[in-house]
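In order, the protein sequence lines correspond to chains A and B.
End of the first sequence sits at 280 in my numbering; the numbers just go up one at a time, nothing left out.
End of the second sequence sits at 805 in my numbering; the numbers just go up one at a time, nothing left out.
It is worth saying that the hints were derived from the structure and are not from the lab.
Just so it is clear, CB atoms sit at the ideal spot from N, CA and C, and this is done for glycine as well.
One or more of the hints may lead you astray.
As the list claims (entries may be wrong) - Part of the chain A face toward chain B, derived, beta carbon under 7 Å: (1) H132; (2) T151; (3) R181; (4) R203; (5) L233; (6) I275; (7) T277.
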Amino acid sequence: MSNNVQDRSSELVQLMMKYQRRIFAYIHTLVPSRSDAEDILQEASLTICEKFSGFETGTNFYSWACQIAYWKVRAARKKFATSKVVFNQEVLDVISETRFELEEELDTRHGALSRCLKKLNDRDRRMVLTRYESGKNVTAAAQASGRTIQGAYKALNRIRKTLFDCVSFEISTERA
Amino acid sequence: MTSLSDKEILELHDLLDALVENNLPKHKLVRLENWISDNEEVRQYYIEFMDMSSSLRHYAEELISDDTEDTVEESPANIVSFWKPLFAIAALVVFGIFFNQEIQNFSFSTDAPKLVNSKGDDPAAPLERAPVIVDTVAVLTKSVGVRWEDPTQFRADLGDTLEPSTLKLANGLAQVEFLQGATVVLEGPVEFSLENPNEGSLARGKLRAIVPQVATGFTVVVPKGRVIDLGTDFGLHVHAGGSTELFVYQGNVIYEGQTDSGENITREVSGGESIFIDPYGNANWVEMPSEPFISAADLAFRSMEESQRRHSAWVDLSNDISSDPKTVLYFSFDNHSPWSRILRNESVSNSSVQNGAIVGCNWSEGRWSGKGALSFKRKNDRVRLQLPSHLKSATFSAWLKIDSLDQSISPIICSEPKSLGSVCWSVNGDGKIVLRTRNSGGNTFYESAVAFRSDKLGRWAHVATTYNADAKMITHYVNGRSFSREKLIDPVILTFPKAMLGHSSSTKGANGGVALNGSIDEFGVFEGVYDEDQIRRIYEVGRPFEVPNALGTRIP
């Protein structure tokens, strides 16, 4: 393998490591079902690798990758047509557009969430993180926290609200 | 951009919560879709919420490779661990084995750092917990003669849900019920911290813990160790010098601690046994605790004594209100039979005002045991009033319990809306107290700030509103304190044609009217303006003094 190919592959690794979370977050905003969003991320990642030779170093990788992801979402709409959680094209477009305007703030919120998670008590933190582990569902979260399924749904609702409010508060404090 | 109301934010949050859990019905999805499309603020909220969901996934994946929960810091190593499986697949397809090897090397060289468990395995080590945010762990269900050590610091009111916090009582008794089911009676002077729904720590003073089976494992941290309950009833006393006494009344308790010389100590203490842990952490068996502990039954008895004393104080106040010539209408809701369909007006000096006629409503229990209240549930529930008064300035006062705010208004007293000066006093769907008056130009609404949030629903609260024509001011009060003020525009003489308690027949879109979804157990209309001291007295003397079944609906 030539040095040039090695350099490009190394560049791709670096860029993917830097932006993969944000690319997934972008897809997840358009496709609220987590497993569907993960499927699309897989497909988009393959295409990003395939087409990386066409990416111009120094330009905005995140935007470029999100364009690929956007078209993957569009292409997948047919597949998700029976799903109850997919928005129409017009709404997808307006969400996508607004999301780009918020990127900087979303990054700040991501950092603030880390601090807010620390402020949760052990039981709640364990529960919410279990829920978001790959392949885990509410039942697993209920077991991890010793709650009933119904109780777990209620608790997750409460914890998400708490975290959301905490993040908003942290952001407003930072700005003040 | 329009600003979302609290109610809308709650609705939006519930929609999004259901969305991420794949529980959102089709018609609600359509509602959300339209809302996102039409409202920029909703769209932003949605994006921030979904982004948080992605971030939670990210942080959850970070922790998979490390069981400890003590860190959620982002690091390059963790990013690699999250991405690795996915990227390896892609890399294999496009660049072949060499590239894959490079990734493996990279991930190997940046392996996640070893994380330190701040708690360690030492039971006597001080717990290094992160400060906890809004997160209920217990409820204060009884208090007798409580004096807080530092009134400027956190002090809980009866019935308050408690977040992780420290209670410092200079004097008196307080009963705290943890969400997991354990009950603790604190005896002042005491310093007790609530850590989580099944754990507290006693820095000094006495407590008695009653722990049902469901809360087995309830833990109290003491200076040299911790006491872990196995489903029982025990007393703890931490002395000023740092020694601890533990007495077990029933069942078994485990004490785990460490002496200053580093020796780990474990003692299983059974019913009738007692140990003394000296300031150096050595545990010794003793015959009996040096002083008795106050039990929940003792507290209930003392609480009952105080209840009787306070009930007498309320009866005195109630008599004062009844005989005050400025009292136009006064319902104490006391001493009515459960089948009574007449609500007695106790105002002795306003004979022109008649008793109310109860339609539909049921009698129920009021702020304390034995106190009557009327409960309004169905849409036709109401008390019809005859109130011929014409008031230039007035004060409205009510003790009420609102169960839900899911309708556009929760009427307290409303009269027919078209006559000049007619009044409707209510709480709107956003939880704001509203006084509506009919002026020559139409209805004017005087709204307070949000007074009833979800934490106030289902609990007794005192509300009052004064209409001051001279000072041209409307003031709303909640629980004895001035809550918000608005300038009075175009004063009118207040009238009450076809007035009804707990019901409004003129609400838009509500065919047949709307009843308060809740209960009222004291109500008064007074001529003139009560000042804050007078209103606070009504609240202070009348506030409930125990919280029945506090945890009935709170355990998640």
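Evaluated hints:
no., hint, in the structure
1, H132, "holds, 5 Å"
2, T151, "violated, 9 Å"
3, R181, "violated, 14 Å"
4, R203, "holds, 5 Å"
5, L233, "holds, 4 Å"
6, I275, "violated, 10 Å"
7, T277, "violated, 13 Å"
Hints 2, 3, 6, 7 from the list above are not met by this structure, while the remaining hints are.
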